[in-house]
Amino acid sequence: MNFIDLKESAFMALDTVRANKLRSMLTILGVSVGVVTVVFMVSIIQGLNKSFAEQIEALGSNSIWMTKFEPSFGHQPNSEELHRKELTLDDADAVRREAPSAMSVSPLYRKIAETVRYEDKQSDTPILLGVTPYYEFTQSSYVGRGRFITDLDVEERSNVCVVGQDLVKALFPFTDPLDKQVKIAGKPFKVIGVMEPLGNFLGQSRDNSIFIPIKTFEKYYPELHFPESIYVIIVRPVSRAYVKSAVDEMTDIMRRRRRVPLGAPNTFGISSQDALLDIYNQLTGATYLVLTAISFVALMIGGIGVMNIMLVSVTERTKEIGLRKAVGATRSNILWQFLIEAVVLTGIGGLLGLAVGELASILMNKYSPLPAFVPVWAIGVGVGVSAAVGIVFGLWPAWKAARLDPIESLRYE
Amino acid sequence: MTEATVETSPTSSGVIAKPELPSNGKADVLILMRNLWKTYDMGAEKVHALHGVSFEVTRGDYLAITGPSGSGKSTLMNLIGCLDTPSQGEYWLNGKNVSEMDDDELARIRNQEVGFVFQTFNLLARATALHNVELPLIYGGIPGAKRHEMAKQALAEVDLADRMMHRPNELSGGQRQRVAIARALVNHPSILLADEPTGALDTSTSYDIMNLFEKLHEAGNTIILVTHEHDIAARAHRIISIRDGLIEKDERIR
Ligand SMILES: Nc1ncnc2c1ncn2[C@@H]1O[C@H](COP(=O)(O)OP(=O)(O)OP(=O)(O)O)[C@@H](O)[C@H]1O
Ligand SMILES: [Mg+2]
Chain A
4 MNFIDLKESA FMALDTVRAN KLRSMLTILG VSVGVVTVVF MVSIIQGLNK SFAEQIEALG
64 SNSIWMTKFE PSFGHQPNSE ELHRKELTLD DADAVRREAP SAMSVSPLYR KIAETVRYED
124 KQSDTPILLG VTPYYEFTQS SYVGRGRFIT DLDVEERSNV CVVGQDLVKA LFPFTDPLDK
184 QVKIAGKPFK VIGVMEPLGN FLGQSRDNSI FIPIKTFEKY YPELHFPESI YVIIVRPVSR
244 AYVKSAVDEM TDIMRRRRRV PLGAPNTFGI SSQDALLDIY NQLTGATYLV LTAISFVALM
304 IGGIGVMNIM LVSVTERTKE IGLRKAVGAT RSNILWQFLI EAVVLTGIGG LLGLAVGELA
364 SILMNKYSPL PAFVPVWAIG VGVGVSAAVG IVFGLWPAWK AARLDPIESL RYE
Chain B
50 MTEATVETSP TSSGVIAKPE LPSNGKADVL ILMRNLWKTY DMGAEKVHAL HGVSFEVTRG
110 DYLAITGPSG SGKSTLMNLI GCLDTPSQGE YWLNGKNVSE MDDDELARIR NQEVGFVFQT
170 FNLLARATAL HNVELPLIYG GIPGAKRHEM AKQALAEVDL ADRMMHRPNE LSGGQRQRVA
230 IARALVNHPS ILLADEPTGA LDTSTSYDIM NLFEKLHEAG NTIILVTHEH DIAARAHRII
290 SIRDGLIEKD ERIR
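Going down the list, the sequences are from chains A and B. Residues in the first sequence are numbered from 4 upward in steps of one, following this note's numbering. Residues in the second sequence are numbered from 50 upward in steps of one, following this note's numbering.
Heads up, a few of these hints could be off.
Partial list, computed: chain A residues near chain B (C-beta under 7 Å) [stated by the list, open to error]: (1) E11; (2) D251; (3) L326; (4) A329; (5) V330; (6) G331; (7) A332; (8) T333; (9) P409; (10) I410.
Just so you know, these hints were derived from the structure itself, not from any lab. We put the beta carbon where it would ideally sit given N, CA and C, even for glycine.
Pulled out of the complex, with its shape left as it was, chain A reads as follows (with noise of 0.2 Å):
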């Protein structure tokens, strides 16, 4: 094998191309929808995690969350967990004083969507968060204007509110909302604070929040529970080497409050990013292997396509293989110029598939909400992948033109 074999097998590989146009065109067009299909979906897989570990990292990168189940999908409390205590405020308090590593402690009540009404405009889908003063710094989400809630605030259970950007725009297009009266949920409050804008994530919109005092919550509230409202401590550890011993005390100081005996497993769930990740690991795990299947079956169609098209063309050029035999090609040669030939074809398949997934994934990130990604390394992977089909679905053509007997190859009509 060196570079005259390559020239002669690319002249070979183009000849079979132009000879046999349509016959070609088909075959590349079967590795194309292989290798597009290996690109995009390794591109809404890329996409997905880059994401979501670039929000996650936003959302107030290393913080830990307590609340009363451990995070997870799809899986049917037992009856410990139908049992459980709700956390409590005391808890947040419990391990603002005795966790060395926990810099801020923030606990909240969170409800998913409630009505806020301004005049006669009204939103029904803000996120109703009932917190502390400590929240701002927990999540760094900081008021942008106005003030933010206060412990005086929370002592008082006063009737007061900071929003999010989407409902200054829902419900305040002309006006300004400091000092103005809203209803949640037909209660009156008075608006003390806006917010910074935060973004998305995931495609979520994180703006359209809107937060009262956490004991004014409560009073409103004092029979939600979960589902309808979660109640959770989030915990700021000093730094992100903190994140491990900030777990670490938080578990022993509720296992004390609660008396776990010793060996029992958590009465409470407790997570970090890290955990965050794995849950999200898990939920993608299985997509992965969906779309590795699809994407083996496009590439079995494709090659099976090669294969066919190797072994007419090897049928075709029999005589030709005799002939170069007969001026001196070795078995070798022939192999390498057939399997280069395969190689060709698949070649320009993949780069075909590559562009039209490449395409795909860029009208994707602009006409979806999914966000879709194409690493340099997956046109590696397409590449690579392609010139394997070839390989392997060319091996076997290839071999039976390199074994041919030039005698017989020379008289086959």
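Keeping the supplied structure of chain A fixed, place chain B with the ligands upon it in accordance with the hints.
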């Protein structure tokens, strides 16, 4: 079709000595065949295409092989050209024992030592005359620029310098055969073989081709050609007649 399995090992007797290497007084032996057999196993019966052929060819000779159809001429030519291997017997070409070579070595011999001209030309239909002539050089590993040079020169030798970029279907039968001859010559092989090179050509074109062979012979090439036409055989220097796989007559006429 099943592959014909043939024994490729030479006679085990070992009595056959290596041919004498050219000495001052002696003519230079290029081909030496001893008791060559070619047997086709057709299942029930065995077809002996050649049974026990022995002869020598000296360098620079011009030999015609004649005989009736089916007598084994092509079989013999294919053995000489190392396209096929004998079932039994010993064959030395240019001092090398070809009958003991493996597949890759034979390919190398075909590439370096033999130029083969076929009755039906066997050109690559979609390649230019130049590329066709370059083919043996490609497998000989000769780099591009030199390859072009050599191929152009070979085409010039057969008077086709002005047809280099033509494809076979743009050439006449005689021109195609001349391209094939250029291809056979391009590697400067030690022997030029032609199996009925004029079989597919009309009389006057045949004449031109025979003139070309004569010219090539005068230039020092060793030529063996198969024909069943007497006037073509008569232009050679030596005629071997074979019948039923055996040499019937071996006469020198010049
Ligand atoms: N692959 C094969 N399998 C079986 N028999 C074969 C094979 N090739 C040749 N033969 C037989 O060997 C004998 C010699 O064949 P060959 O082709 O050498 O004849 P030829 O002298 O060249 O004839 P022609 O003048 O018609 O070309 C024939 O009887 C033929 O049938
Ligand atoms: Mg014949």
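Results of checking the hints against the structure:
1. Here the hint on E11 of chain A is kept, as its CB sits about 5 Å from the closest CB of chain B, short of 7 Å.
2. For D251 of chain A, the interface hint is violated, the least distance from its beta-carbon to any beta-carbon of chain B being 69 Å, above 7 Å.
3. A cut of 7 Å between beta carbons decides the hint on L326 of chain A: the least distance to chain B is about 5 Å, and the hint holds.
4. Because the closest C-beta pair between A329 of chain A and chain B is about 6 Å apart, less than 7 Å, the hint holds.
5. Given hint, V330 of chain A at the interface with chain B, holds; its Cβ is 4 Å from that chain's nearest Cβ, closer than 7 Å.
6. Interface restraint check for G331 of chain A: the shortest CB-CB distance to chain B comes to about 2 Å, inside 7 Å, so the restraint holds.
7. Interface restraint check for A332 of chain A: the shortest CB-CB distance to chain B comes to about 5 Å, inside 7 Å, so the restraint holds.
8. The criterion of a C-beta within 7 Å of any C-beta in chain B is met by T333 of chain A, whose closest approach is roughly 4 Å, and the hint holds.
9. Because the closest C-beta pair between P409 of chain A and chain B is about 5 Å apart, less than 7 Å, the hint holds.
10. Below 7 Å, beta-carbon pairs count as interface contacts, and I410 of chain A has one with chain B at about 5 Å; its hint therefore holds.
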